[in-house]
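Residue numbers (numbering that gives the first Met the number 0), protein chains in the order written: chain A, 0 to 265; chain B, 0 to 129; chain C, 0 to 418.
Hint data in this document are derived by calculation from the structure and do not stem from the laboratory.
Using N, Cα and C, we set each Cβ at its ideal position, and we do this for glycine too.
Take the hints with a grain of salt, since some may be wrong.
Part of the chain C face toward chain A, derived, beta carbon under 7 Å [unchecked claim]:
no.	residue
1	Gly84
2	Tyr87
3	Thr90
4	His91
5	Pro94
6	Val186
7	Asp327
8	Arg329
9	Thr331
10	Gly395
Only pairs whose alpha carbons sit at most 16 Å apart, straight line, appear in this in silico EDC-like list of lysine to aspartate or glutamate [claimed, not checked]:
no.	chain 1	residue 1	chain 2	residue 2
11	C	Lys54	C	Asp34
12	B	Lys92	C	Glu37
13	C	Lys54	C	Asp30
14	B	Lys92	C	Glu366
15	A	Lys203	A	Asp137
16	C	Lys126	C	Asp161
What the simulated footprint calls covered on chain C by chain A, stretch by stretch (three residues with Cβ under 8 Å from a Cβ of chain A suffice, anywhere in the stretch; the number is not a length) [unchecked claim]:
no.	segment
17	199-210
18	221-235
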Amino acid sequence: MDVRSRYNVVVTGKNGGPVVMLAHGFGCDQNLWRLVAPALAEDFQVVLFDHVGSGRSDPSAWRTERYSTLDGYADDVLQICRELDLQQVVFVGHSVSAMIGVLAAIREPDRFAKLVLLTPSPRYVDDAGYRGGFTQADIEELLESLDSNYLGWSAAMAPVIMGNPDRPELGEELTNSFCRTDPRMARVFARTTFLSDNRADLEKVTVPTLVIECASDVIAPREVGAFIHAKIAGSRLVTLDAVGHCPQLSAPEATTRAIASFAADS
Amino acid sequence: MTAAVSLATYPDDTLPQTLILALEGQLDYTNAEQLRERAVHLLADDHRSLILDLSELTFCDSTGIRILLALRTLITARGGSISVAGLGPRLLKIFQVTGLVQFFAVQPTRADAVALLRAAPSADQSPSAG
Amino acid sequence: MMSGIGHVPSSTGPENGDVTEETIFTALLEDSAEDLYENAPCGYLSTLLDGQIAKVNTTLLRWLGYTRDDLVGRRRFADLLTVGGKLYHETHFAPLLRMQGEIGGVALELRAADGSQLPVLVTSTVKNSADGRPLLIRTTIFDARDRRTYERELLRARQEADLERERLQSLVATLQRTLLPPTLLTVPGLETAAYYHTASSDQLGGDFYDLFPLGDGRWGVFLGDVAGKGPDAAAVTSLTRYTLRAAAAYDPDPVAVLGNLNAVLRQEYSSDDPRYCTVIYGLLVPDGDGFTATLASGGHPAALLLRADGTADYQFTPGGLLVGILPDARFTATTVRITGGDTLLLYTDGLTEALTDVAAGARYGDEALLAFAADLAPTTASGAIRAVTDLLAAFGEGVEDDTAALALGVPASLIQEPT
Chain A
0 MDVRSRYNVV
10 VTGKNGGPVV
20 MLAHGFGCDQ
30 NLWRLVAPAL
40 AEDFQVVLFD
50 HVGSGRSDPS
60 AWRTERYSTL
70 DGYADDVLQI
80 CRELDLQQVV
90 FVGHSVSAMI
100 GVLAAIREPD
110 RFAKLVLLTP
120 SPRYVDDAGY
130 RGGFTQADIE
140 ELLESLDSNY
150 LGWSAAMAPV
160 IMGNPDRPEL
170 GEELTNSFCR
180 TDPRMARVFA
190 RTTFLSDNRA
200 DLEKVTVPTL
210 VIECASDVIA
220 PREVGAFIHA
230 KIAGSRLVTL
240 DAVGHCPQLS
250 APEATTRAIA
260 SFAADS
Chain B
0 MTAAVSLATY
10 PDDTLPQTLI
20 LALEGQLDYT
30 NAEQLRERAV
40 HLLADDHRSL
50 ILDLSELTFC
60 DSTGIRILLA
70 LRTLITARGG
80 SISVAGLGPR
90 LLKIFQVTGL
100 VQFFAVQPTR
110 ADAVALLRAA
120 PSADQSPSAG
Chain C
0 MMSGIGHVPS
10 STGPENGDVT
20 EETIFTALLE
30 DSAEDLYENA
40 PCGYLSTLLD
50 GQIAKVNTTL
60 LRWLGYTRDD
70 LVGRRRFADL
80 LTVGGKLYHE
90 THFAPLLRMQ
100 GEIGGVALEL
110 RAADGSQLPV
120 LVTSTVKNSA
130 DGRPLLIRTT
140 IFDARDRRTY
150 ERELLRARQE
160 ADLERERLQS
170 LVATLQRTLL
180 PPTLLTVPGL
190 ETAAYYHTAS
200 SDQLGGDFYD
210 LFPLGDGRWG
220 VFLGDVAGKG
230 PDAAAVTSLT
240 RYTLRAAAAY
250 DPDPVAVLGN
260 LNAVLRQEYS
270 SDDPRYCTVI
280 YGLLVPDGDG
290 FTATLASGGH
300 PAALLLRADG
310 TADYQFTPGG
320 LLVGILPDAR
330 FTATTVRITG
340 GDTLLLYTDG
350 LTEALTDVAA
360 GARYGDEALL
370 AFAADLAPTT
380 ASGAIRAVTD
390 LLAAFGEGVE
400 DDTAALALGV
410 PASLIQEPT
């Protein structure tokens with residue numbers, strides 16, 4: 000199976016424009032970018048994809064061992080870049096994908112023009128002298144939450160009509176594609192996401208970096224944003240007046256503006 | 000891995016004491032026991048001959064062979080006979096390598112097996128001993 | 000509760016007039032939408048788009064032990080969740096709600112004022128303005144204590160089943176290993192290699208092989224396949240393996256060895272539950288620059304000889320019967336010389352019966368194996384086993400049965416350069 004179908008790669012936007020690669024985080028898929036991608040597509044060539052285990056990626060590509068570290072995911076990002084011959088990539092990683100981008104940019108710095116880390120965190124679990132916001136027990140609780148919602152999964156995925164009341168089949172189709180994850184793979188991804196520690200990697204980033212945080216985000220609190228900003232030399236920090244962990248949904252215009260102005264800046 | 004085998008009966012009015020079964024599909028360890036039970040169920044007390052038409056049987060593993068031998072034991076124990084018909088090249092090969100050809104009357108087709116029984120009525124229509 | 004009044008059956012019979020009257024009467028009792036909201040049998044919560052609580056009903060306040068002032072304008076919906084629930088809310092619930100406009104039946108845990116946890120099922124919808132702009136989020140919350148207890152049971156049962164399966168698989172793997180020699184012994188002047196492919200990790204297969212010394216520099220070798228699968232077949236495999244070794248020590252002649260095995264299988268298993276196996280047994284005698292192998296087969300696929308000159312042939316032993324089928328079964332033997340560069344390959348029919356095209360039901364077959372062997376020759380024992388291993392790997396799911404392969408090769412005395 001080729002790279003495009005394995006990762007459900009979608010390329011849109013301005014042909015020949017600077018490449019902006021949008022990487023979704025844990026819990027969803029490339030649909031998370033739907034309020035941001037169209038605006039970015041006016042000036043950039045936008046590359047969307049689903050991590051293996053999420054969305055419409057190829058489930059047969061799943062290897063528990065490979066995806067038990069963020070390196071496996073970073074490897075995938077580099078593979079997509081190579082296969083599509085993407086150069087001077089502006090990589091936008093949301094949540095855990097921010098660290099996936101950090102790892103990829105350390106391995107192949109020449110491939111990337113810029114990094115945009117959207118609500119990132121290098122470590123979610125508290126540590127001596129570091130507050131990530133969570134304890135190990137909290138993470139176990141999340142895994143339990145995943146398990147119990149796996150049982151109620153079909154109900155959570157109830158068909159809705161996406162503003163197309165005259166085309167219910169479209170609504171159904173879209174619903175089923177939203178954030179579709181295999182529960183077992185989601186468990187592994189959750190562990191990988193929330194138990195990784197990439198604090199030491201931040202200093203190795205040589206690519207110009209923008210950190211975007213939200214004014215209030217339980218998953219990536221402000222002190223974590225400040226930590227990353229301090230560790231990555233020359234990085235910029237933007238704080239959006241938004242609540243929650245997904246500003247690309249709750250504040251799409253501001254998010255788009257922040258990404259676009261940094262990406263276009265030379 | 001989900002092999003399927005189906006069983007059909009072809010009653011012949013001229014041979015009331017003969018059970019004629021046609022096996023179709025793939026006979027292996029996943030379905031052999033089920034097939035045996037169904038065949039045993041179809042075998043009536045007064046049946047004295049068993050014809051197995053294997054022309055549509057595309058595969059038979061070692062468990063399948065155990066079942067064929069078990070059916071043979073069952074019919075020969077009551078003094079009856081068993082014949083197999085329509086062996087394809089692959090099945091014939093298995094029968095040859097394992098020496099099973101010595102234990103079954105092998106006929107080219109089901110019609111041949113039936114004709115042979117009709118020609119030797121004693122094998123079918125002999126009144127049961129008791 | 001209204002059901003006490005609304006559902007009293009009418010003693011005059013089910014006439015429409017009565018039913019309508021009762022319905023109207025009940026509707027009169029339920030005259031306050033406000034009361035219905037406040038004391039509904041579920042929790043109601045309305046929040047701003049950022050989750051800020053704007054309105055909450057009495058039922059939910061009672062469940063959680065909060066006053067209205069504790070929550071309205073002060074807390075967000077996510078603040079009411081356990082930490083794990085918050086993570087789930089931020090990564091799944093909120094994004095899906097944003098994208099879909101609604102989300103239903105999500106299991107979450109609320110934390111009450113006293114710290115206790117309340118398992119709930121949450122459904123949220125986004126209320127839009129006339130021009131389609133999202134305004135606020137409406138949430139209904141159902142007490143799910145019973146349901147969650149049940150689900151926990153289900154989960155526990157699933158986890159236990161997973162564990163059981165793992166235990167079974169490890170048991171099967173251990174048992175399977177006891178049916179095979181841990182490593183093949185070194186035979187002077189002979190290179191040996193073997194491979195066992197397990198088709199199912201939770202089902203014992205019936206294939207077996209062994210190689211052992213008989214004294215005077217002679218060696219016994221066998222490879223076979225017991226009909227059937229599972230523990231019963233494994234017991235036969237074990238019996239067969241020990242019988243073959245014991246019989247060989249008593250009389251190493253291959254025909255006699257198979258005759259002994261046949262007698263033991265007939266003795267051990269009644270005619271109600273007969274057990275069979277196919278086996279190829281060989282006596283290896285060193286003879287200067289190689290070995291003479293005397294092979295007897297009991298219903299087993301013929302061994303392959305891959306010669307130094309690049310040809311390959313089956314070594315047939317005609318007339319060999321399935322072992323265990325007849326009281327006085329006869330077996331016949333054939334003699335093969337293997338010298339420098341020759342390799343003898345024994346295998347079970349899992350290899351030739353492997354599906355090459357699952358959809359079409361096409362299987363590998365003897366001809367294909369012969370062609371494969373001819374391509375391979377000349378080779379070495381390890382080369383042949385490596386090639387068979389790769390072939391089985393290429394078949395993937397197509398290999399339905401366990402497969403054993405054993406190769407014996409006399410190393411080429413001179414390395415022959417291809418011209």
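Evaluated hints:
no. : hint                  : result
1   : Gly84                 : 6 Å, holds
2   : Tyr87                 : 4 Å, holds
3   : Thr90                 : 3 Å, holds
4   : His91                 : 5 Å, holds
5   : Pro94                 : 5 Å, holds
6   : Val186                : 38 Å, violated
7   : Asp327                : 54 Å, violated
8   : Arg329                : 51 Å, violated
9   : Thr331                : 49 Å, violated
10  : Gly395                : 12 Å, violated
11  : Lys54(C) - Asp34(C)   : 14 Å, holds
12  : Lys92(B) - Glu37(C)   : 80 Å, violated
13  : Lys54(C) - Asp30(C)   : 21 Å, violated
14  : Lys92(B) - Glu366(C)  : 12 Å, holds
15  : Lys203(A) - Asp137(A) : 29 Å, violated
16  : Lys126(C) - Asp161(C) : 43 Å, violated
17  : 199-210               : violated (count 0)
18  : 221-235               : violated (count 0)
The earlier numbered hints that this structure contradicts are 6, 7, 8, 9, 10, 12, 13, 15, 16, 17 and 18.
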